[in-house]
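Please model the complete structure; the sequences and the hints are all you need to start from.
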Amino acid sequence: MMGKGSINHNTRAFSAKNVDTERSIYNVEFCHAEIEEVYHELFDEALERYNAKQKRNDRKIDNYYEKIRQGKQEKLFHEAVFQIGNKDDMNAKSGEGQLAKEILIEFMKDFQKRNPYLHVFSAHLHMDEETPHVHVDFVPVICNSKRGLDTRVTLKGALGEQGFKGGTRGATEWNQWIESEKQEIAQIMGRYGIEWKQLGTHNKHLSVLDFEKQERAKEVAELEQVISDSKEELNHILEQQAVVGQETEQIQQESKAIRQEISELSEASDLLKEQTATLAEDKEKLLSDNEKLEKRQKKLETEIEKMVQSKATMERNIYAYDEEEKWQLAEPGALMSAKAYRDKKALPLVEKLKEVIKALTIKCVQLTEQGKKLAAKSERQEEKISRLTNRIMEQEKAIDKLQEKTADFGRLEHCLGKEQVQSIIERSKALEQEEKATKHPKRTFEMDR
27 MMGKGSINHN
37 TRAFSAKNVD
47 TERSIYNVEF
57 CHAEIEEVYH
67 ELFDEALERY
77 NAKQKRNDRK
87 IDNYYEKIRQ
97 GKQEKLFHEA
107 VFQIGNKDDM
117 NAKSGEGQLA
127 KEILIEFMKD
137 FQKRNPYLHV
147 FSAHLHMDEE
157 TPHVHVDFVP
167 VICNSKRGLD
177 TRVTLKGALG
187 EQGFKGGTRG
197 ATEWNQWIES
207 EKQEIAQIMG
217 RYGIEWKQLG
227 THNKHLSVLD
237 FEKQERAKEV
247 AELEQVISDS
257 KEELNHILEQ
267 QAVVGQETEQ
277 IQQESKAIRQ
287 EISELSEASD
297 LLKEQTATLA
307 EDKEKLLSDN
317 EKLEKRQKKL
327 ETEIEKMVQS
337 KATMERNIYA
347 YDEEEKWQLA
357 EPGALMSAKA
367 YRDKKALPLV
377 EKLKEVIKAL
387 TIKCVQLTEQ
397 GKKLAAKSER
407 QEEKISRLTN
417 RIMEQEKAID
427 KLQEKTADFG
437 RLEHCLGKEQ
447 VQSIIERSKA
457 LEQEEKATKH
467 PKRTFEMDR
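My numbering applies: residue 27 is where the sequence shown begins, and numbers increase by one.
In case anyone wonders, no lab produced these hints; they're calculated from the structure.
Straight-line Cα separation of at most 20 Å, SDA-like style, residue types lysine to any residue; simulated pairs:
1. Lys-43 x Lys-119
2. Lys-43 x Asn-53
3. Lys-311 x Glu-420
4. Lys-410 x Leu-319
5. Lys-332 x Ile-388
6. Lys-311 x Thr-415
Just the calculated beta-carbon pair ranges, DEER-fashion:
7. Ser-171 x Glu-273: 30 to 38 Å
8. Glu-461 x Asp-296: 17 to 25 Å
9. Glu-461 x Asp-136: 50 to 58 Å
10. Lys-79 x Gly-192: 28 to 36 Å
11. Glu-74 x Tyr-218: 44 to 52 Å
12. Ser-171 x Leu-260: 21 to 29 Å
13. Glu-48 x Asp-136: 28 to 36 Å
14. Glu-48 x Trp-222: 26 to 34 Å
15. Ala-39 x Lys-79: 37 to 45 Å
16. Thr-198 x Ser-120: 34 to 42 Å
17. Arg-322 x Lys-427: 30 to 38 Å
18. Lys-427 x Lys-465: 25 to 33 Å
Idealized CB from N, CA, C, for every residue including glycine.
What follows is the structure, encoded as structure tokens:
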């Protein structure tokens, strides 16, 4: 039956006079959410899409929950109450009442699955009243609507999506749906060995024509159910085909990516081999150059040592000029005239000193120039050594990167198998050759004879 829809009563936020609060602990809460939050969850995205299409601000909807609450076309939510028996045959305090509780719990397990267009946000089984019963509160929702929001509230539309089409005044969508849920409870009761005693449901004094109409309606309903099931199965098959197509496309993309990676690794491996050979040659050359540089360094050290020795020799000569007697100006004799002293003693010594000074000056200039040349040469050698050292370091880094690529190629061979990788490489090379042949076809010319 249809309930008034008092969430506070269902959750026992307040208790009516007919409620035994001491037995409220035996109640069952299947789910409970705030209705406003449910509306945001269900309709915010559709509301955003709807407002984005509106060119006039007065047609936009600020709050869908408030629009439905204040409107008269649809209710915020609907409530259905399901009960087995009455206080005499299924009293909540009796063993039969406990059995009714188990049946209702099993009935609620698949309720949402049976009713995908009825979004259940609050459901409570009450054992603190005379007879066990369950309150189910839901928001009826349809998708892909052609008017208003593409996802919106509509009881008639939601039940229609589930196969319940309005007929006569007594066979509304709601009545058909309630009857369907009763049949579900009856099947569960049958599994528990309880027979459904249907009261007030026998159609008496039906004319033959009405009876045939009723039977035809049943047949049509069955056929519609078969069609609905077939549509669901077809949709399921189509969905599976779409999934298979997506998986196939994904596999093709992954295969293409693997072929590309293998091609790159193969090229990297070939390049590695070439660069390894080149680097080995460069290494040998660098070692040879380094050995030559060491020899030049030793030669420079020898020449510098000679310069040091020359300096020491000069220092000794200077000392000799200061101390040795032959380089000293002798004292004039007692009877020697100044002219004789100058010609015989002073001038010869001065001439000798001039020659020595000339020789020393020339030697000093030569040593200075030689020292500058050796210093410049040493500096050039050090710069060359630095450049060669940097080059060796760069080549070692390149070797490390190429070795890492080779390791990746080895991992790929270990994962896919060497034969599989080789097969992929061959196919990839063949595809590349085909692409090159397509881009650059061979031209043929006929010669006029």
